[in-house]
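K.L.:
Each chain is listed here by its residues.
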Amino acid sequence: MALSSEVYEALENIVGPDNITEEPATLDSYAYQWMAELVTNVTDGGKFFDRAEAVLMPGSAEDVQAIVKACNQHKLRFHVFSTGWGPWAASPAEGQILLDLRRMDKIIEIDEQNMFAVVEPYVVAAQLQAEAMKVGLNNHISGAGAGTSVLANACCFQGGGPDVIYFASPQDSILSIEWVTPEGDILQTGSLGSGLGWFCAEGPGPSTQGIIRGSLGGAGGWGVVTKIAIRLVHWPGPATLPIEGTVPSYQAALPEDQFKAAFPAFSDWQDFSDAIYRIYDSEIGYIAHRQFVMWGDELQAAFLNIVTDPTRQLCDLEELLEKPEIQKLTEEMQRNFQLIMVGMTPRDLEYQKKVLDQILKETGGWNISFVEKPDVQRYVLLFMLRLCFKNLNFTATGGFIDTYNSVATPDVWASGEIQAGKKLLKKYAGRIADAGDQAMGPIGGQGGGGVTGWEDFVFYDPFDPDSSKAAAEVSDEGDKLKAVQGRPPGGMLLGLARATHADQEARAQKLSKSPEYNWQRKIKETLDPNGVGSGNYFWGADTSKK
Amino acid sequence: MAEKKDELIQIVGAENVIDDPATLDDYSKDSSFTPPKKPLLVVKPGNADDVQDIVKWANQTKTPLVPVSSGKPHFRGDTVPASDGAVIVDLSGMNRIIMMDRRNRVAIVEPGVTYSQLQPELAKEGMRLSMPLMPRASKSVLGGALEREPIMNPRYAWSLCEPLRCLETVMGNGEMFRTGELAGAGVSTSTREEAKLIPIEELMELRKKTQDTALYQYGPGQFNFHKLVSAAQGTMGIITWASLRCEVLPKVQKFFLVPSDKPDTLIDFASKLLRIRFHDEMLLFNASTLATALGEGADQIKSLQEQLPPWTLVLGITGRDILAEDRVAFLEADIKDFAQKAGVSLETAVPGATGEQVAEAILNPSTEPYWKLRNKGGFQDIFFLTTLSRAPEFVTAMSTLAEAARYPASDLGVYIQPTHMGTSCHVEFTLPFNPDDAGEVSRVQELYAKASEELSKQGAYYSRPYGIWADMAYSRNAKHTDVSKKLKGLFDPNSVLNPGKLCF
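For the protein sequence lines, the chains are A and B, in the order given. The numbering of the first sequence is this note's numbering, which starts it at 1 and goes up by one. The numbering of the second sequence is this note's numbering, which starts it at 547 and goes up by one.
Treat the hints with caution; some may be incorrect.
[What the hints assert, rightly or not] Dumping the calculated DSSO-like pairs for lysine-lysine here, alpha-carbon to alpha-carbon at most 30 angstroms:
| # | chain 1 | residue 1 | chain 2 | residue 2 |
| --- | --- | --- | --- | --- |
| 1 | B | Lys-670 | A | Lys-354 |
| 2 | B | Lys-887 | A | Lys-353 |
| 3 | A | Lys-469 | A | Lys-427 |
| 4 | B | Lys-1031 | A | Lys-69 |
| 5 | A | Lys-522 | B | Lys-1031 |
| 6 | B | Lys-754 | A | Lys-427 |
| 7 | A | Lys-134 | B | Lys-882 |
| 8 | A | Lys-522 | B | Lys-584 |
| 9 | B | Lys-1025 | A | Lys-75 |
| 10 | B | Lys-1032 | A | Lys-510 |
| 11 | B | Lys-755 | B | Lys-808 |
| 12 | A | Lys-361 | B | Lys-608 |
| 13 | B | Lys-575 | A | Lys-513 |
| 14 | B | Lys-1032 | A | Lys-522 |
Keep in mind the hints are simulated off the structure, nothing from the lab.
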């Protein structure tokens, strides 16, 4: 279904001829997304999701508003993305237009004294971080990496990450929002809507911000957030990250009296859990994450050697695994996580280091000595502070998803779930790149701690149909195992990819018994009466009308 | 009326439906300037099922309900009916502390639980709750959290809704709904079967098996319902329990007082500490407010006010867990260095007050009578949000307005509370008055109205718009008002919940 010339012209008049296209090859470039081969009911195992009818690149909130109003006038559905990493960036169904917000890439303001920045959708975390650090501030970087949109992570998708323990959940860091509603009105939440600046998220009275995102955002299907103010935190380091080295061993030498990377490790999972509680209670750490186990507990030591040594290559892996010192390190690192301590003053860092020592003493843990090597310190600090190595997720096999995830209190680490996840991955070894325990995730999934958890990474070869099939199977089996335990589904990424591209009526029937999705239907019917938002704002079918 | 009374008796029993004139008179007014209106009845539910039945009944009979959690006295007009024939839903009897979990630092409480009830129980478990400044002993903990009362420790204000986490609400349409990770039957999946709302105690027992608790407040789904009931003055739903994030009870704490002749210097210093989170409690008082917090009666307050510095930054630092003493020691050393550079002094006492006295006052609910009543017997607050950098402008503006109204400058109380990690601050002006002096009451009422309007024009953000502030706040944001009304129409289609408040 191509757009009619009348509709195309109407849209072209808004953004100009240079910022709209219905050229098939360009449209297919948007449909080509990670995980496509796994959502077989849409792609039949191919690499492309549904093709959009046109792609537009608006340059301002006014452009967006005009487009959304035109969509309402012509009953045309739209889907929007910012940096667009993953299947939720592709058009969820045929017959929709895509809004690519890459032209809206301005940092509008950094309020140094009141510690916030105002950004447009295509401002990526690394871009904001570079500017914020110049004035001694820093911003949350999502687990999806430094190249992803600050705004989308906060308002439109999930957005958690390694630094949440100190920086707070991104949605708690949102201040005022400018939102083009699905009807094409501009809603400004909090203090902004009263013309008083960006400093406050809530009110007046009940916060309308509550409908813009919940546990998950609208993922491109629920109006368009065109600007947000986001809270920043202090950065006691240099105005520019002193990056040196060669790929993939980029490093940053930071003042040793204020920056310290540690790898606390434990002999059993109960000690691991107890240590996390002690970290929450003693409030140390700027970043806390189980990061490098994403390569698998059997390979993480060897991989770390490769990425911190510019003379090494991936093909050295097998040789390294034969080395006794690597085998010893592998054993030591089995139950470890990464803790980045940043002292606001040298005394602060000294205190944090003493607290960590005490926690390790109490729990029988140790700090992996490998991380004390200067090169490794510099690599780990840069990795964790900027999260600029997300390509590594694809290094092993070219594709990854997750399975058997858990998000709960720290006690979950000692519940047997890690071992069960490992067993599940082993079952599929050979078809997927199993490397043992691949449970990567935040030690503190909320500001100050609270919940923690992991994604069990599944590395598969997207160009091998059997490997792709195995990836989907392991995700599904993780879901089933979790369901038996009364837990949420284990395969978040594939589950969301499928839900995004599902037949909307079938999905609505499936969600019809979930109260939240019935409320979302009512909210959608109220604020998107023409149903022009894409299907990514989910709803349950109204069974009373059946 | 008799019919309605009988129907309510069927729900909660005769002893919990009250219509004696004295009680109705009590609920018809509060200590604010809100016009009184007598309710039809007062009903006291004992549990969530009662609440749900009452709301369903209200929908059938089109009866306005006014939820009330805290005990008397009330000061903001939100519990005074705005509609004729209203029934007060007094939740103070629902006062169970349902759960306390030290390991995960979370508590679940019903709406009638007060700060004076909860804090000692939490202390036994090694915890405490971030508290607003000196709430009255009868103040509902849930009331405070739901109404986004600012807490005294800005670094624990991860959002303005802290320490509120998950909750159960009976919406205006009578539907019961749970939020955050406690949505549904404890299984937070998007595909679960219709949620069976099993009792919360059973739910929490079940959740232990999956190492879950009640801390994840977001959702369920793609909207944050807890935000839609915050600062709602009971207009969106009646909350029947909520989980709250608690703090570790400090092992060591020290309070410092930083005096100054003007607020600007202290704000610069406070901004520095906020940025690096080298603080726990952080509050800025003028002499009038600090004297009122510490004094036991008008004479003592007057005397203290004469002794105290014009402005005092109150700064608490704590060691809570491991190496508690070491933490306090390094913080004290660093903060002293910063103070020296900022040209301020970190004192353990100033003329008229010691840090320990201030800590004793502010770390506990107010003793009786409520502290703001001790000076003259009555008071009116004006509070709003702004940024810390702009707070001094409003102090100047309010002083000018008070002077123009011939209100005694020395009586004007100022309390500045940084919040949300320092990105905003709550500014609170207190106008004490003698409620028995009609002329004084009238002058304060006039000043309150004029100053509220003028401060709004100058940028005061009434994020919690009580009484006359509602029109000022909502008239500035027409789209938010429109969306708020649409949401109200969804959740409370017959407008039975506290009609006439906010923009509803």
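K.L.:
Hint by hint, note whether the structure agrees.
P.N.:
Here's how the hints hold up against the structure:
no.: 1; hint: Lys-670(B) with Lys-354(A); in the structure: 28 angstroms, holds
no.: 2; hint: Lys-887(B) with Lys-353(A); in the structure: 27 angstroms, holds
no.: 3; hint: Lys-469(A) with Lys-427(A); in the structure: 14 angstroms, holds
no.: 4; hint: Lys-1031(B) with Lys-69(A); in the structure: 22 angstroms, holds
no.: 5; hint: Lys-522(A) with Lys-1031(B); in the structure: 14 angstroms, holds
no.: 6; hint: Lys-754(B) with Lys-427(A); in the structure: 29 angstroms, holds
no.: 7; hint: Lys-134(A) with Lys-882(B); in the structure: 26 angstroms, holds
no.: 8; hint: Lys-522(A) with Lys-584(B); in the structure: 35 angstroms, violated
no.: 9; hint: Lys-1025(B) with Lys-75(A); in the structure: 23 angstroms, holds
no.: 10; hint: Lys-1032(B) with Lys-510(A); in the structure: 27 angstroms, holds
no.: 11; hint: Lys-755(B) with Lys-808(B); in the structure: 55 angstroms, violated
no.: 12; hint: Lys-361(A) with Lys-608(B); in the structure: 64 angstroms, violated
no.: 13; hint: Lys-575(B) with Lys-513(A); in the structure: 43 angstroms, violated
no.: 14; hint: Lys-1032(B) with Lys-522(A); in the structure: 10 angstroms, holds
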